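> Residue numbers (my numbering), protein chains in the order written: chain A, 1 to 395; chain B, 1001 to 1341.
Derived from the structure by calculation, the hints contain no laboratory data. Because the structure is a prediction, the values reported are computed rather than measured. All C-beta atoms in this analysis are idealised placements derived from N, C-alpha and C, irrespective of residue type, glycine included. Keep in mind that a hint or two might mislead.
[Said to hold, decoys possible] If the Cβ cut is set under 10 Å, some of the chain A residues that face chain B in the computed set are:
1) Lys16
2) Glu35
3) Leu229
4) Lys234
5) Arg346
6) Ala349
7) Ala356
8) Arg360
[As the list claims (entries may be wrong)] Ranges of calculated distance between the beta carbons of each label pair, as one might list FRET restraints:
9) A:Arg360 <-> B:Gly1254: 29 to 39 Å
10) A:Arg360 <-> B:His1282: 37 to 47 Å
11) B:Gly1283 <-> A:Asn319: 29 to 39 Å
12) B:Ala1160 <-> A:Val87: 27 to 37 Å
13) A:Met275 <-> B:Ser1181: 36 to 46 Å
14) A:Glu336 <-> B:Tyr1241: 34 to 44 Å
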Amino acid sequence: MLISFPNMGPNWVAFKTLFTALDLDVVVPDPTNREAIKIGVKYSPEFVCFPFKATLGDFVNAIEKGADTLVMAIDCGPCRFGFYASVQERILRDMGYKDIRVIPLDQADLLEFHWVKTLQEVSGRKDLFIYSKYIKAVIYFLKKAKLLNDIQTAEGLFRAYEHNLGDTTRVVNELLEKLDKANTLVELRNFKKVIKNDFNSIDIDKSKTPLRVGLSGEIHISLEPYVNLDLRRKLGEMGVEVHQSLSLYDWVVHKFHLNYHRKWLEHLAKPYVPMDIGGECVWVLGEYIDKAKAGFDGFIHSYPFTCMPEVTARTIITNKLKKIYDLPIIYFSFDEQSGQEGFRTRLEAFYDLMEARREREIKSTPEFMANGQKKIYPQYGGEFYNEIAQLIQAE
Amino acid sequence: MVEVSDKLKSEDGKKDAFLGIDIGSVSCKFVLMDTNGEVLTSVFLRNRGSPIDSAKAGMAELRDKIRAEPDLLNYAIKCCGTTGSARYLTKAVVGGDLAKTEIIAHAVATQSMYPDVRTILEIGGQDSKIIILRDDIIVDFAMNSVCAAGTGSFLDHQAARLGIPIEDFGDYAVRSKNPVSIAGRCTVFAESDMIHKQNAGYSKEDIIAGLCDSLVRNYMNNVGKGKELDEPVVFQGGVSYNKGIIQAFERHLGCKVIVPKYNVLMGALGMAILVRDYYVEHGRETLFRGLEVSDIEFKTTTFHCGDCPNNCEIVQVKMPEQDNKIIARWGSRCGKWDQLT
């Protein structure tokens, strides 16, 4: 039996460890690519959201590499995501892959422990002795997911300062390989130091004061670089600090009801949307308010074309929040189109817009960067964020 | 006018000039500007196949214009900037010093003429934009991203279908007393609505006026949604030649809509202003290949990278006269091929 799962940026490392810790064989699909998208688009309903198509393409790719059991997250609504797994299973059957199983991973509320059923089904065992392995798997999964989150945090900061374009990208790719190979608790415990050391080896220009941008949106689009046209890397290489608290770890912890950062965001967004309406609507609104209050230079909202919850967020921001908080925002709705020209034009124009605002700010408030010290924006991510931020502080 | 620093000195008796090039989806524009921001000469052409051909054709025409006017021979091009959707390719071909997005270029050009402008409407051949300015800086902008409804190409097509030259389109609309209502949400609906109204016997004038109205509504809903459009409003781009659209905008916004003198050249003019400022600030030797660029041969080749499953198609531009020197290369998703070394 070979297990596989869809791509979501670098998070294959965490998903892989969830199953290898149960002594199962795992095949990781190729990074999402043109071929996978082509297949996904061909066999999906035309009007479905884009992550559905992308993940279907990943599944076909994994099946061709030998996988026969696919794990897909589900939710009990409130948007179309709840039905991804069952519809995808039917489509795969219709495509002729008769003996493929798509096992749903219920993540509506992780404290209801429906995911144990998934692990039982995947491992094929229900006896009590396997439970120790479940615990190990979950601990490894959470630890690796947390480390991936840390890498993402550091990446967003460092790329804006690098001297040689591409250094950060190389370090991140090496770190992912290293993290994939770290399979003891000792290694995982010490891995933060590895991340810090590796990033510290990058040749950076500490005198820069880059623009700061907050990034949020639908989780798959925001995390999968092929789908979002490598938004994070492009921003970083233009010399922009990218702050994105959205990650797999962020989401999983939220589903364990332990994510106080998200609780705070929900509190901020409460006057506009009082409850979770699917997607990341509530938290995007919260992030926008949070980043505006922290004095960011801009905000980027990315979502799949036709995503109902995200469009709701977009409308609320344009009609209400933008007038109150006045933080420049740009929206990117992604679909299968890969023409980068319009995307690049809007991104560059947005950069110029932010720069002009920054210049005006410097002119009107001379003390803005008076003592050469950059202001560190408090960000969720705790100690690690602060440690990383110290590495890029000017001496 | 923007003041000019005294760093600009004229060498060998020639005065400085700056060239702005705007290669869009349908047409290309060239503007030669002096240091005071006065337009010396300009070229406006329909695109020829590829941006490279368009750039070369434009350069050839510009050279002819300069040779024909003795005054212009006293100017030397100090700096050259490109904008429009093909700005990087054009920059590589003509040897531009600066490439900026058309949004910035349009805003800069409009600000040089109307310093207190607050809203810029721009409708071109394939795309439409809106730029909102407050206190002299851009605070918001939008481009049509998914749909080319309500742009110049659509109007062109409809004019051909109604059998009237596009130049007269606006006059017809102005003559109308009772514009018919035409669906504005999508050009497919608009077209079938028009055919229906045409067959029902409505006059061409009323149909065209209705079409202008629906186009403006479409623009407001698609591009201008949720934005506050304050006076003064400046309307530019190819479609701003159309009096019917101007009137429809005025009706819709309830205020006067200004159309600048160089309404189609604004992108190129803005780029010329931007490179002038760039030159004043940096004073660097230009990379511009000169007007003889129209005689240089460029070759584009493509190949598949093949290093990962994406198999990106890489485009490169070569100069056969200089041992196939590669002057530009892009197309890779990972950015690996973007560096030329």
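> Against this structure, judge whether each hint is valid.
Hints, verified against the model:
Given the 10 Å rule on beta carbons, the hint for A:Lys16 is violated: about 19 Å separates it from the nearest Cβ of chain B. With 10 Å as the threshold, the beta carbon of A:Glu35 comes within range of chain B, its nearest partner Cβ sitting at about 6 Å, so the hint holds. Using the Cβ-Cβ criterion of 10 Å, the hint placing A:Leu229 at the interface with chain B is satisfied: the shortest such distance is roughly 8 Å. With a cut of 10 Å, the hint placing A:Lys234 at the interface with chain B holds, because the nearest CB-to-CB distance is about 8 Å.
With 10 Å as the threshold, the beta carbon of A:Arg346 comes within range of chain B, its nearest partner Cβ sitting at about 6 Å, so the hint holds. Residue-level restraint check for A:Ala349 holds (minimum Cβ-Cβ distance to chain B is 4 Å; threshold 10 Å). Because the closest C-beta pair between A:Ala356 and chain B is about 4 Å apart, less than 10 Å, the hint holds. Because the smallest distance between the Cβ of A:Arg360 and any Cβ of chain B comes to about 6 Å, under 10 Å, the interface hint for this residue holds.
Roughly 30 Å separates the CB atoms of A:Arg360 and B:Gly1254, a value that falls within the hinted 29 to 39 Å. A beta carbon spacing of about 22 Å between A:Arg360 and B:His1282 contradicts the range 37 to 47 Å that was offered as a hint. At roughly 46 Å, the beta-carbon separation of B:Gly1283 and A:Asn319 lies outside the given 29 to 39 Å, and the hint is violated. At roughly 45 Å, the beta carbons of B:Ala1160 and A:Val87 sit outside the given window of 27 to 37 Å.
The hint said 36 to 46 Å for the Cβ distance between A:Met275 and B:Ser1181, and at roughly 40 Å that hint holds. In this structure the supplied range 34 to 44 Å holds for A:Glu336 paired with B:Tyr1241, their Cβ-Cβ distance being about 36 Å.
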